[in-house]
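Colleague: Residue-level listing of the chains:
Number of protein chains: 2
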Amino acid sequence: MSQKRDLTARKLFFKYYDGALENNLNVTLEGWIKSHRNNGSVGFIEFNDGSYFKNIQLVYDKENANFAKISKAKYGSSIEINGVVRLTPEMKQPFEIQLTDLRVLGDCAEDYPLQKKRHTFEFLRDIAYLRPRANTFNAVYRVRNACAYAIHKFFQERGFIYVHTPEITSNDAEGAGQVFHVVNDFKHPNDFFNSSACLTVSGQLHAEAFALAFRDVYTFGPTFRAENSNTNRHASEFWMIEPEIAFADLDDNMDLIESFLKYVIKYVLDNCKDEMEFFNNFIDKGVIEKLNNVINSEFVRMDYTKAVELLKKAAEAGHKFENPDIYWGTDLMSEHERYITEEIVKGPVFLINYPKEIKAFYMKLNPDNKTVAACDLLVPKEGEIVGGSQREEDYDKLFAKMKEIGNDKGLEWYLNLRKYGGCIHSGFGLGFDRLLMYITGMQNIRDVQPFPRCPGSLKY
Amino acid sequence: MSQKRDLTARKLFFKYYDGALENNLNVTLEGWIKSHRNNGSVGFIEFNDGSYFKNIQLVYDKENANFAKISKAKYGSSIEINGVVRLTPEMKQPFEIQLTDLRVLGDCAEDYPLQKKRHTFEFLRDIAYLRPRANTFNAVYRVRNACAYAIHKFFQERGFIYVHTPEITSNDAEGAGQVFHVVNDFKHPNDFFNSSACLTVSGQLHAEAFALAFRDVYTFGPTFRAENSNTNRHASEFWMIEPEIAFADLDDNMDLIESFLKYVIKYVLDNCKDEMEFFNNFIDKGVIEKLNNVINSEFVRMDYTKAVELLKKAAEAGHKFENPDIYWGTDLMSEHERYITEEIVKGPVFLINYPKEIKAFYMKLNPDNKTVAACDLLVPKEGEIVGGSQREEDYDKLFAKMKEIGNDKGLEWYLNLRKYGGCIHSGFGLGFDRLLMYITGMQNIRDVQPFPRCPGSLKY
Chain F
1 MSQKRDLTAR KLFFKYYDGA LENNLNVTLE GWIKSHRNNG SVGFIEFNDG
51 SYFKNIQLVY DKENANFAKI SKAKYGSSIE INGVVRLTPE MKQPFEIQLT
101 DLRVLGDCAE DYPLQKKRHT FEFLRDIAYL RPRANTFNAV YRVRNACAYA
151 IHKFFQERGF IYVHTPEITS NDAEGAGQVF HVVNDFKHPN DFFNSSACLT
201 VSGQLHAEAF ALAFRDVYTF GPTFRAENSN TNRHASEFWM IEPEIAFADL
251 DDNMDLIESF LKYVIKYVLD NCKDEMEFFN NFIDKGVIEK LNNVINSEFV
301 RMDYTKAVEL LKKAAEAGHK FENPDIYWGT DLMSEHERYI TEEIVKGPVF
351 LINYPKEIKA FYMKLNPDNK TVAACDLLVP KEGEIVGGSQ REEDYDKLFA
401 KMKEIGNDKG LEWYLNLRKY GGCIHSGFGL GFDRLLMYIT GMQNIRDVQP
451 FPRCPGSLKY
Chain V
1 MSQKRDLTAR KLFFKYYDGA LENNLNVTLE GWIKSHRNNG SVGFIEFNDG
51 SYFKNIQLVY DKENANFAKI SKAKYGSSIE INGVVRLTPE MKQPFEIQLT
101 DLRVLGDCAE DYPLQKKRHT FEFLRDIAYL RPRANTFNAV YRVRNACAYA
151 IHKFFQERGF IYVHTPEITS NDAEGAGQVF HVVNDFKHPN DFFNSSACLT
201 VSGQLHAEAF ALAFRDVYTF GPTFRAENSN TNRHASEFWM IEPEIAFADL
251 DDNMDLIESF LKYVIKYVLD NCKDEMEFFN NFIDKGVIEK LNNVINSEFV
301 RMDYTKAVEL LKKAAEAGHK FENPDIYWGT DLMSEHERYI TEEIVKGPVF
351 LINYPKEIKA FYMKLNPDNK TVAACDLLVP KEGEIVGGSQ REEDYDKLFA
401 KMKEIGNDKG LEWYLNLRKY GGCIHSGFGL GFDRLLMYIT GMQNIRDVQP
451 FPRCPGSLKY
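In the order they appear, the protein sequences are chains F and V.
Take the first sequence: its position 404, counted from the start at 1, is 404 in our numbering, and no numbers get skipped.
Take the second sequence: its position 32, counted from the start at 1, is 32 in our numbering, and no numbers get skipped.
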């Protein structure tokens, strides 16, 4: 690396936090002007080189031989600066840089859409290629990065094997209409692969094959839904985390989910302090407290059956649900889930053992023949955030279920996993983008993704 | 976690390597039988629980009250065992387990396709859902995992931001016929997104937008090619690593590539010792030495122009190339690239400054107006392994080039990055699966991917 590239704002801040940043240090940095004001005798530039969330304040005054030149540098431009570090213990910012010189590397045209003012998220979505430069999105994508790394760290430290399950698949797992099809030159659906090809909705089935070889595995990659849902929480493309563990029952699964979620949240709080303070101040007041509560809670485990009873009682006692028709066998609505976690448990809670009719075919049938060994994790201010289950390891039961729902073609290999040294195993799925919404407090999935893909929208 | 799940073969081996594994330790483990032989008075089971590459030998004899029961346990079955650790300093394996008891958890049917014999890779490809249990693939996917993690570690330690660039895109970057199209219900190409949608061939353009906000970024995700190429080195779906760095020229880029490649290879050699020994012994003799040579070389930098001269000289001096027509302006063939790195340089070499006609539109035009600031890294026994370049940061030059090749529609945003605080920046692309082939010595890209997707093939 050239000498110049070696120094970044990140390194200066880390040096400062280590107590090792010297006053009067000469520095050369390259970055962008985030704001520039000048009263004719002294000027201030908010500078950011992309390596750190916080800006560095650059100061210059009339004494500076380059005063006139520096004054002309425009908001948005890329610049190279020389200057001297001044520790400023009496100020808001811990240090600033007294400019010696400034050179404009890349000008910023007058029609720059990202003006120095408050833009709506809707507007910023429309300039997705520029919004990473806006404060909020600078913070969002840094947290996204830290969160993704925390996920890998967590699993790697525990010996899990990362599996890249395929994106293109012949297995239309969720039924027609919900999947995208992949074609070559719009000819015939089977033109390229000799088989109808679609984009994956889940890597779970493939991950199970790997869990039965490597014991503990996880996928972390893109998944797709062709649902025509234009809500704040639906995207056509999003990343999923899907761990799968062998020799593990539902309790092992919940232990894993709990330690996983606590680890990832703690990593973000520890490693994105400035960003999380930003979210706490400007996006979602109380978000840090909410996350700390999750870290410090012991997650409760409650039967679906019990939850339905408690919800009925609450309704009888006068709580007004928008969907008051609560009975055993119903799929709980978000308001019900939130009532359980926010009002009854007042903390994270796993609902377990759901009616088999409302859960997926691969979930383990309990001895009662009515429920399956599923677990949904509900958290306050969100509702369901993770869904998992023990998988049916019994060949005959799984085969019967697959025949019953007409899903027995093309999945013989999946069934065979139960025939060749199968064992009890479990796993869960977590939408990465929804996790980010929860952690940052951002309200729209489009605002935690770099370039969101949604029905009718494929800009960039 | 339940007590039982807490212990794994991995932990036992790590304990052993730390010198902390006690003789006579009582253990309970769950895993699979990799082989089982019994001479009537003593039995040996090769046991693997998926957490570690090496098997553990389980031993039992006639003295054991469970001898008859244990004897019946079949190859391929999943089992739970109790036993006592015996350190065996005089044997090949460092320790074995004297069985107390064994319980079969999941039987293995007689028609198990993965028999205890040498199968061809072609056959194993056909049972992709079982091959992770075969020795070679156990090693392959462990190295794949370690390599993926090393990539994240390298970039994270250097402050790079991980960006999930989109999989579905409107930008048909490589021209018709090479991309897959994404449709909903085979209706109209524009039916879902109001725009023709295809699967990405590269995240670079999107990564550039992020580099101009975050300075140093990388993508690591799936990319796609609809080429109808049925070779050992082509897959329809593969993972790519694409870093992008701002305020960085071609030399900075090559510094990054060199340190990146050395770091990742060293990480694999350090963390997959057993697996790499396996590859060195059974797949590609000398592969470890080849990799160590890369780590210990200083990568040479040579002009394309100079390389062409040297190749011409070699041909004149009598070296027989299959493609002897070597001239300035030609795209070098693999045999030429290998001759340069293996015979001329005898080590890794960057070829730089290629004729503009044979490189991509976004590469920076050099002052000679004839070449672009591209760098291809060539390594012995492979040829090109990384391709990178400085990007054209000049708006007018880039615009002219895009118009010239008819690629100016839909990419206005990409061009605008040069208008709003642009700066010199560079990046590179590396096919993850090809890197794995290079590291493991595996000869077919289908044998380093979990579930390969190739023309005509979409099983599983």
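A portion of the hints provided could be inaccurate.
Copies of the same chain look alike in the list, so a pair counts if it fits in one copy or across any two.
No more than 25 Å apart at the CA atoms, straight line, and that leaves these computed lysine-lysine pairs for DSS-like [stated by the list, open to error]:
1. K11 <-> K346
2. K92 <-> K320
3. K15 <-> K117
4. K15 <-> K273
5. K285 <-> K381
6. K116 <-> K69
7. K72 <-> K34
8. K273 <-> K153
9. K266 <-> K312
10. K153 <-> K262
11. K312 <-> K419
Hints listed in this document are in silico derivations from the structure and should not be mistaken for laboratory results.
Colleague: Taking the hints in turn, state whether each one holds.
Modeller: Hints, one by one, checked against the model:
Taking CA atoms no more than 25 Å apart as the test, K11 paired with K346 passes in neither setting, with 41 Å inside one copy and 37 Å between copies. In this homomeric assembly, K92 and K320 never come within 25 Å of each other (Cα to Cα): the closest approach is 48 Å inside a single copy and 71 Å across copies. Proximity of K15 to K117 under the C-alpha cut-off of 25 Å is found in neither arrangement, the shortest distances being 32 Å within a copy and 58 Å between copies. In this homomeric assembly, K15 and K273 come within 25 Å of each other (Cα to Cα) only inside a single copy, at 16 Å, whereas the closest approach across copies is 36 Å.
Within a single copy, K285 and K381 get their C-alpha atoms as close as 12 Å, which meets the 25 Å cut-off; across copies the closest is 58 Å, which misses it. In this assembly of identical chains, K116 and K69 lie within 25 Å of each other by CA distance solely inside one copy; the values are 21 Å within and 77 Å between copies. Taking identical chains as interchangeable, the C-alpha atoms of K72 and K34 lie at most 25 Å apart only when both belong to the same chain, with a minimum of 14 Å there against 73 Å between chains. In the homo-oligomer, the alpha carbons of K273 and K153 lie at most 25 Å apart both inside one protomer (19 Å) and across protomers (21 Å), since each shortest distance falls under that limit.
Within a single copy, K266 and K312 get their C-alpha atoms no closer than 36 Å, and across copies no closer than 60 Å, so neither meets the 25 Å cut-off. For the identical chains of this complex, K153 and K262 are neighbours both inside a copy (13 Å) and across copies (21 Å), given an alpha-carbon limit of 25 Å. Neither within a single protomer nor between protomers do K312 and K419 lie at most 25 Å apart by alpha-carbon distance, with minima of 43 Å and 61 Å respectively.
Of the numbered hints stated above, those contradicted by the structure are hints 1, 2, 3, 9, 11, listed in ascending order.
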